[in-house]
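So the sequence lines, in the order shown, correspond to chains A and B. Mapping to full-length UniProt numbering: the first sequence position 142 is 142, numbers consecutive. Mapping to full-length UniProt numbering: the second sequence position 301 is 301, numbers consecutive.
Check each hint, because a few of them may be wrong.
[To be verified] For each label pair, taking beta carbons as the anchor points, the in silico distance ranges come out as:
1. A:104 with B:343: 23 to 31 Å
2. A:361 with B:173: 23 to 31 Å
3. A:327 with B:78: 46 to 54 Å
4. B:304 with A:256: 32 to 40 Å
5. A:116 with B:78: 51 to 59 Å
6. B:358 with A:255: 53 to 61 Å
7. A:120 with B:133: 51 to 59 Å
8. B:127 with A:232: 49 to 57 Å
9. B:173 with A:107: 20 to 28 Å
[Stated by the list, open to error] Computed far set for chain A versus chain B, every beta-carbon distance over 12 Å:
10. 92
11. 197
12. 239
13. 313
14. 386
15. 394
For the record, the hints were derived by calculation from the structure and aren't laboratory data. On a predicted model such as this, the values are computed, not experimentally measured, just so you know. C-beta atoms are modelled at their ideal positions from N, C-alpha and C, and glycine is treated no differently.
2 protein chains.
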Amino acid sequence: MAATDQASPAEPNSAEPAPAQSGTSRRRLLTGGALTAAGLTVGGALGASTASGLLTRNRGAEPAQQESPAPFGEERTAFYGTHQAGITEAPAAHAAFIAFTLKKDTDRDALARMMRIVTDDASRLTDGRAPLTDVEPELAADPSALTITIGFGPGFVERAGGAAPAWLKPLPAFEIDQLQDEFSGGDLLILVASDDPVALSHAQRAMLKSVRPFADLAWVQRGFRSARGAHDDGRTQRNLFGQVDGTVNPHPDEDAFDDLIWVKDGSWMNGGTSLVLRRIAMNMETWDEVDRPSREFSIGRRLDTGAPLTGTKEHDAPDYHAKTATGMPVIDDFSHMRRATSRSARERILRRPYNYDDAPLPGAESGSNTGLLFASYQADVLEQFLPIQQRLAEGDLLNTWTTPIGSAVFAIPPGCAADGFIGETLLS
Amino acid sequence: MAATDQASPAEPNSAEPAPAQSGTSRRRLLTGGALTAAGLTVGGALGASTASGLLTRNRGAEPAQQESPAPFGEERTAFYGTHQAGITEAPAAHAAFIAFTLKKDTDRDALARMMRIVTDDASRLTDGRAPLTDVEPELAADPSALTITIGFGPGFVERAGGAAPAWLKPLPAFEIDQLQDEFSGGDLLILVASDDPVALSHAQRAMLKSVRPFADLAWVQRGFRSARGAHDDGRTQRNLFGQVDGTVNPHPDEDAFDDLIWVKDGSWMNGGTSLVLRRIAMNMETWDEVDRPSREFSIGRRLDTGAPLTGTKEHDAPDYHAKTATGMPVIDDFSHMRRATSRSARERILRRPYNYDDAPLPGAESGSNTGLLFASYQADVLEQFLPIQQRLAEGDLLNTWTTPIGSAVFAIPPGCAADGFIGETLLS
């Protein structure tokens, strides 16, 4: 078994060397002044260490100034390019997936007008500049590596009179699904992501206004990862079940990476990709009743290190043939890791999951409204995502505590140059 | 007019020198190793500057390691002390206000049992250790300056058989209010705050479990401020209307600070304070229709700098006597700043507001579900908060675009020593 990936909350697994969380990095720009000034002072900011090995960190006015690393508010992610931004970069800490339903009278010409506006507004916002109609330029000034990524649902491509890729349709119904309309489908997706939730909120608002003449809001799903700066960048994050989540992903440095992510068929989607978004509710109440050995058995990995139950380190290759003293597989046949392990070199996806933890619904019995916004990018949903998902849907011990309640598939068209617009290959 | 403060979304105003956003700092502790190691490498992380003055920031595996400042995940805020933590420190980036309704059979003895458990769990979580019943110690390991602050509503004090402070009751009804039960009242408040939303979610979950045998969840309100590290620490934040929000606050270095914040009456509340929480919906749809001069007129401050309309810098003292060429006041009589300006040295509060931007309600006409969790601490609600609030309720131009939809008042009891528990002065 070679490379592995998976498609649901835990996503541990793999026989690959450790890829860092980050993806390609060419897009990130930072104005130099702030970094230089702050960088030079950091070395002098260490307080006096004590016998206990603890440092007192003063956050009063003066010491805080000395200690602060360079603020990342001004950091920008380039919008224009062969591919859209917000896909292969290191994921931002906060994301909003926003879906729209096209108005009835939004015809092909209107779609092109809308996409020119959306492109212009998104390119400005990600560059720290206000859209033309925005009277709050101050809120746009610190994008904090903001990205805005556009996706088309089946309805958009149909309205545009284009040929939809074979995979651009709702996923087949799975027995485990309890899908809700308020988290599913959509004609147009705008994915806004930033390391600062204030920058994200403003950009979300601005994009809502850009689209409003052409489409109605269908749903917004907000998610978060660990805050930027909380951990070393290379560390794999944990989801809210406490599992190390995201051990394996295709790495931009791999030869196979481009073929796994980008469509290369000469169509209007050339240079684009697909996004699968699944909202997976995690039942914290019943998960809380499960002890650690049972949790690890269900996943196939250790909770502390994320290592396969047959290994000692997170990125150790799992040994699916290993048996216990009583002759049972150490990694159970229905463990999440084994089910999610890809069966071919093509069955790999770029996972970009976000946690959600919304306010409990009024009157709900459960005190939690918690889960995962599972998001993955792949050149072909049917070849890469679907086989993994089918195995997980048919038998994954984690399904005991998880329920898919939302599902959507979007075509992410290629990027564009500064004189073009997102969707031009479909609409021009 | 001396010192000033206010009690609603914009909160510009003041004649005071610029206080930093941060409060007291004695509580913050950080394990030394990570800071030292990372701090030493930051100076070498500056990339090559280009002619355009931009630095390319690489976030690939290797460069990212070099650039990273010390991760703040391990940072702790001391739990035990004369006062509770989470009040006067620099506000964390993320907060969850969680309210509970006591179960009918939770008597005085049960309250004491609950508070011992809550205290033990909160002290562990804020120290990066899992509560006794927590099977996910890994999620507790990186508190990111987590604080957990406990408050008692009128129902709690009554159940305990204690004497409630005169101010511990719902605020009087204001004509502008459209309060909803799902955001109002409560017998017990647990305020969880952290610079990392993942740490916050886990702590919220753990505290829900601590309290569950004794009380039912009433509501959860989540809020955010700018991400830690996005801006210089001393910079005043903007709210989602784009206003500089929080220019004036009592500063811990002032002589008056302790008297403004801490109850000093020899009662069980000695060393405690009060929390007023108001959920203020901000109508983004109608605000979007207002041009900049009208916005500035409503607030009394400039949008770009936050300076009073009679000044040029954020912390300039406003001149309420200045007139325009036509004889009208430059700062309108009903501007938010003028209405919020305190009329006495006692009328001051410590504001700790958070933004909220939740998913739009299904079927709602508005594409926004946005506003402010206005939170303030003061020794006496009636003397300090109420006069400001009454002036704002009676006439504040900002009320055109804002609606209070939730309201709660809590007694924040004093802190405790490591062998005590929060609420011991009431329950022992």
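Now for the hints, and whether the structure bears them out:
1. As the Cβ distance of residue 104 of chain A to residue 343 of chain B is approximately 56 Å, the hint placing it in 23 to 31 Å is violated.
2. Take residue 361 of chain A and residue 173 of chain B: their Cβ atoms lie about 27 Å apart, and the range 23 to 31 Å holds.
3. Between residue 327 of chain A and residue 78 of chain B the Cβ separation comes to about 52 Å, which falls inside the hinted range of 46 to 54 Å.
4. Between residue 304 of chain B and residue 256 of chain A the CB atoms are about 49 Å apart, so this pair departs from the stated range of 32 to 40 Å.
5. About 55 Å separates the C-beta atoms of residue 116 of chain A and residue 78 of chain B, a value consistent with the hinted range of 51 to 59 Å.
6. Roughly 44 Å separates the CB atoms of residue 358 of chain B and residue 255 of chain A, a value that falls outside the hinted 53 to 61 Å.
7. Take residue 120 of chain A and residue 133 of chain B: their Cβ atoms lie about 53 Å apart, and the range 51 to 59 Å holds.
8. The supplied range of 49 to 57 Å is broken by residue 127 of chain B and residue 232 of chain A, whose beta-carbon atoms lie about 21 Å from each other.
9. Checked against the hint of 20 to 28 Å, the pair residue 173 of chain B and residue 107 of chain A fails, with Cβ atoms roughly 51 Å apart.
10. The Cβ of residue 92 of chain A does not lie farther than 12 Å from every Cβ of chain B; its closest approach is about 10 Å, which violates its non-interface assignment.
11. For residue 197 of chain A, the non-interface assignment is contradicted: its Cβ lies about 4 Å from the closest Cβ of chain B, within the 12 Å cut-off.
12. Listed as outside the interface, residue 239 of chain A is inconsistent with that label: its C-beta sits roughly 9 Å from the nearest C-beta of chain B, within the 12 Å cut-off.
13. Every beta carbon of chain B lies more than 12 Å from that of residue 313 of chain A, the smallest distance being close to 15 Å; the non-interface claim holds.
14. With a closest Cβ-Cβ approach of about 28 Å to chain B, residue 386 of chain A is found to remain outside the 12 Å limit, as its non-interface label requires.
15. Here residue 394 of chain A stays apart from chain B, with its beta-carbon at least about 28 Å from theirs, past the 12 Å limit.
Going down the numbered hints, you'll see the structure goes against 1, 4, 6, 8, 9, 10, 11, 12, while the others check out.
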